[in-house]
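A.B. asks: Okay, here's what each chain looks like letter by letter:
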Amino acid sequence: MGEGLPLLPLAALSGMAGVAVLRLAWHRARRSPGLNALGWTLLVLAAILGGAAQGAWGVAVASLFAMALAFLLLAFAAGSSPPGKGRASNRRVAMLPEAGEPRRIGRRVATFLIVVAGGLLASIALGVALRAGAVAAGWSEANANAAALFAVPIAWGVLAFVLLMQERRRAQLLTLLGCAVPLLPFLITGAW
Amino acid sequence: MKLAFHSDTVKHSLSAHAAIGLLAGALLYLVCLSGTVLVLYEEWQRIEQPAAPEMDSIAPAAVQRAVEKVLASEAGETPTTHLYVHMPVAELPRATVTTDHQAVHVDADGDPVMPEENLWSEFLYALHYRLNLPTLVGITLVGALGALMVALALSGVLAHPRIFRDAFRLRARQTGGVALADWHNRLSVWSLPFSLAIAVTGAVIGLASISAYAMAQGRYGGDVERVYAPLFGEEPAEDPAPAPIPDVAAALDHMQANHPGISVTYAILHDPGTEGQHVQIVGAHPGRLIFGEYYAFDAQGNFRGTAGLADGALGQQAAASTYNLHFGNYGGLPVKLAYMIFGLALTAICATGTYIWLGKRRRRGHEEPRLLGAWHGVVWGAPAALVLTLLARALLGNEAPFTAIFWLAQLAAIAAGVLAAAPARGRTTATPSTSS
Numbered sequence: 014m015g016e017g018l019p020l021l022p023l024a025a026l027s028g029m030a031g032v033a034v035l036r037l038a039w040h041r042a043r044r045s046p047g048l049n050a051l052g053w054t055l056l057v058l059a060a061i062l063g064g065a066a067q068g069a070w071g072v073a074v075a076s077l078f079a080m081a082l083a084f085l086l087l088a089f090a091a092g093s094s095p096p097g098k099g100r101a102s103n104r105r106v107a108m109l110p111e112a113g114e115p116r117r118i119g120r121r122v123a124t125f126l127i128v129v130a131g132g133l134l135a136s137i138a139l140g141v142a143l144r145a146g147a148v149a150a151g152w153s154e155a156n157a158n159a160a161a162l163f164a165v166p167i168a169w170g171v172l173a174f175v176l177l178m179q180e181r182r183r184a185q186l187l188t189l190l191g192c193a194v195p196l197l198p199f200l201i202t203g204a205w
Numbered sequence: 095m096k097l098a099f100h101s102d103t104v105k106h107s108l109s110a111h112a113a114i115g116l117l118a119g120a121l122l123y124l125v126c127l128s129g130t131v132l133v134l135y136e137e138w139q140r141i142e143q144p145a146a147p148e149m150d151s152i153a154p155a156a157v158q159r160a161v162e163k164v165l166a167s168e169a170g171e172t173p174t175t176h177l178y179v180h181m182p183v184a185e186l187p188r189a190t191v192t193t194d195h196q197a198v199h200v201d202a203d204g205d206p207v208m209p210e211e212n213l214w215s216e217f218l219y220a221l222h223y224r225l226n227l228p229t230l231v232g233i234t235l236v237g238a239l240g241a242l243m244v245a246l247a248l249s250g251v252l253a254h255p256r257i258f259r260d261a262f263r264l265r266a267r268q269t270g271g272v273a274l275a276d277w278h279n280r281l282s283v284w285s286l287p288f289s290l291a292i293a294v295t296g297a298v299i300g301l302a303s304i305s306a307y308a309m310a311q312g313r314y315g316g317d318v319e320r321v322y323a324p325l326f327g328e329e330p331a332e333d334p335a336p337a338p339i340p341d342v343a344a345a346l347d348h349m350q351a352n353h354p355g356i357s358v359t360y361a362i363l364h365d366p367g368t369e370g371q372h373v374q375i376v377g378a379h380p381g382r383l384i385f386g387e388y389y390a391f392d393a394q395g396n397f398r399g400t401a402g403l404a405d406g407a408l409g410q411q412a413a414a415s416t417y418n419l420h421f422g423n424y425g426g427l428p429v430k431l432a433y434m435i436f437g438l439a440l441t442a443i444c445a446t447g448t449y450i451w452l453g454k455r456r457r458r459g460h461e462e463p464r465l466l467g468a469w470h471g472v473v474w475g476a477p478a479a480l481v482l483t484l485l486a487r488a489l490l491g492n493e494a495p496f497t498a499i500f501w502l503a504q505l506a507a508i509a510a511g512v513l514a515a516a517p518a519r520g521r522t523t524a525t526p527s528t529s530s
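So the protein sequences, as listed, match chains P and V. Oh and the first sequence: position 191 is 204 in this note's numbering, straight run, nothing missing. Oh and the second sequence: position 3 is 97 in this note's numbering, straight run, nothing missing.
Isolated chain V, as found in the complex (with noise of 0.2 Å):
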């Protein structure tokens, strides 16, 4: 049996597949170039700061004390409604304190010793996450990019009939644009799986903030907290009144006690100090896609229970593995590799799809050198303006503006494309292909 479709239909696929990705060809581009970086999130951290203490494990006692230590620093100032605590683990081996007002790194004993330094790692985050612009318009933007690379690969598959007899089928060093057309199907075809997975979980990710403010208009009367409650678990009502620091230490233990094979990555302190404060671990699960499972804690220490990531509803578990599947840590560094391996081919995608868009306007006799510069720009410009951001990283420190860098040093590139390119001569009469 042989499956094929109408021809209309692969037309009009072709010229939507054409549309969707020229629309969001550059920003897709970016967000592919800087996710396959920021695969080495944790990696970036430690090349960031070398210095940084770092360790196998922090005993419970030395959490305790950091907790104190760091919250003590900051008497006196508005105090903080979260203190969130970063175990060491193997991809980032350091003990960080982060509160509303800083973040330290503390040695095995609990003692701070210098404060965090990544706001390059924290940059390029940004740009992937949100384009650098505030964060409800830039995480939507992305989420919708999400969505449309699901429309690109619907598209994709349906414009080309042959594309998978085809999909081993890679002239690489044939001329005429043949070569270029094959890397863009082949590399498409075999990462389809990898690109509907990041595709999905990132628009999952990106429009959640939209849908959720959605659905919270019905039921839940306007509360969007409320959406995320079945999901994640709800937080206790807030009680402000002065409270000793909770026992963050009995926590680690009956985590060490009872959990032995669980691996702790946060210890994080709601509304720490007042009587409404509550402690929830992270524990990470071996062997799973979830990011992990909260344990509840109170002031005291007392275990009340798990929000239900790793062992509840469906829908939890699905929800708590949107991050891991997104951004590869769940396999440790072979996974991340093979991330960057797909991310990179996902990145050649979307260059290559708006040069064979090019290249077929030329072949038909529309010469567009400022189009193609431009292009160029964009193409070239985006990791040499990252590797600029990376050179003042080590040049000028951490506080310098890499996001100011980043997107003066790509408009540039775009602009010196645009003005390298041989003055535009519009519509030339060169002969139209036969087989358009």
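Chain P on its own, in the form it takes in the complex (with noise of 0.2 Å):
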């Protein structure tokens, strides 16, 4: 631990530095890419000191000291905003019918059941797959096993996402099946 040390406070003065430069960046009338860069460029280089460091321990740890410099800055905003009157956005989601509208009842669970149900069993087939294409790869079996313990909730996540983002069923359902493709051949040989 020790010779990590020196750098995990880099890591996170880094950090912290790119939060300030984008608060000054951000708070600017003009844009300012120069600004912009820097304060990306040094919360990239705070994660990279810090896994130099101490690996996943220090970027994590990197990484909450910038949040918790966000998070102050973020206070001190709430504290000085003037009051006043606003209007918030009120862009429509369409989750409920208005006034006249149909309720679409059944459009709505076959919705949920394409996205939950059809989502997670994706899902499972692709880090099946995955599983199968890496240990056929010659990845070791635990490297193989945890990246499909981790693609299956990661990619039931994603696919939640870009299956509400599509309007047409037959989109919903070609994505499912594409996921679902990459396990066949698996299937197929008994390879998985």
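Note that these hints are calculated values from the structure, not bench results. Glycine included, every Cβ here is placed at the ideal spot set by N, Cα and C. Each hint should be verified, as a subset may be incorrect.
Stated by the list, open to error - Rough simulated footprint, nothing fancy, chain P against chain V, three-plus residues with beta-carbon under 8 Å:
hint: 1; stretch: 255 to 268
hint: 2; stretch: 374 to 386
hint: 3; stretch: 424 to 437
Could you use the hints to bring the two separately framed chains together as a complex?
C.D. replies: In structure tokens:
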């Protein structure tokens, strides 16, 4: 742990500096690509330094410092915010029908089933295919199994988003089928 | 260069964000709230039972004595399949022996002193881990919520084209729904790394059961344990023939002599008192996200090797890191406090999301007082119900029905919110906003 210590404070400082620079950049009336780039670079540098210092633990700790400063800046923004009348965005999200619109219960249930049940099954198919493919590619069993365990929930989250972005049923079903296809060769050959 | 998404993408992202948020909002809120409180799991246990003996460390010989005494007290019962000795550590400086039948605190000499009484902490753990549902159903549901949090993070970023540009703009004292939206969006942006880490690790933990089940159906012939074996190590074959109690002290002596920088958190006896018995020592590595390394010993206390969680395959290290990264117990109290603050922010994000949606509906002319009342019941009822369970712990003791108290109080709060609302007027004729 000792040899990593000098880099860790640097990582924390870099993360906080990144947040501070972005605060400066985004507060200007006109966009500043230079400051923007510097801010993001410092944040990336914080992750690199944290990783070099203490691996994943260092990245996690460095990111906590950056987030903590951001929260402090937010607290300041909240405290110094002038009172006033505003008008929040009223963008419609179409979750419930407006007056006179049909309820479309069947359509909503179908969407739920496609996103939740279909998405989960497709994600599991992707995860199992990833595991089988990784083993076939020479990965160790530990790495292949861990990759699959991580892939299933991440894939499901991404798929849920993608499926809800698609307006047509056909596109949704094709997406689900597309996720299941990589598993087929392994199912056919029994190598899963 | 300006990164901008097509307006249709933004619009659909917002719809997706709202759909997922409304589908999972209440349960996500409960999981985030309980998770925030659960960060102090060890501290709650100390509060629950302040009289339990505490110590900085316990000698290997005392641990051996504790194991022998506890096993002797169970003579005549079905032999326990596992025996866990929780070793005193900074967060929870107590030595506790847990078997299939009991859990007792022991003193520094290894003498059992009193039964462990931490059922409120266990209730809280079960609320966060599985919403007090049966294990497989509950943990899978909570895992699904983690996956949906990933989707919420993605859709939230895409739905708000100025989300980064406005990341420090918090108009906390503006009316008309501006403040609420700003709190929701700003907290979301700056807790994004935390939220994603919590969501992914939570989803991995929660969905591991069904993922492993699916993987097991192929190469492993349906044996789920074989999916985990490459990650966490294999269980040796069982042999139920009687044998003397294993030498735990020798294993702990080995750890002190050969791994002085490793903090031993658990000694685990598998099938104690049988020929197939073996000992695992869990050692926490400072400056690592892994929960620890498994050090394997035979019944005589001879070192047999490690599982590889600390230095094995990357997959092993990643799998062993999910727990600490999720629960924030990798840097002492400062990290725990940071997790509580960010956890509270995540809880507030869940609460404000539905309020924002209800506010938009209201501004478009849809007064829904009962729905709003129900959401008030969720948001304010859940912490009140938690406080009620804590009061029950103080007044009724360890055996109070915490699960029933919490859920009844939560349901009562929702019902009260609905009933207290003005009679629903249905769709009103308020002027719809032109900006929708």
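A.B. asks: Confirm or reject each hint.
C.D. replies: Each hint, compared with the structure:
1. Coverage of the stretch 255 to 268 of chain V by chain P holds in this model, with 11 residues showing a Cβ closer than 8 Å to a Cβ of that chain against a need of three.
2. Counting residues of the stretch 374 to 386 of chain V whose C-beta lies closer than 8 Å to any C-beta of chain P gives 4; at least three are required, and the coverage claim holds.
3. As drawn, the stretch 424 to 437 of chain V meets chain P at 6 residues by the rule of a beta-carbon pair under 8 Å; at three or more, the given contact holds.
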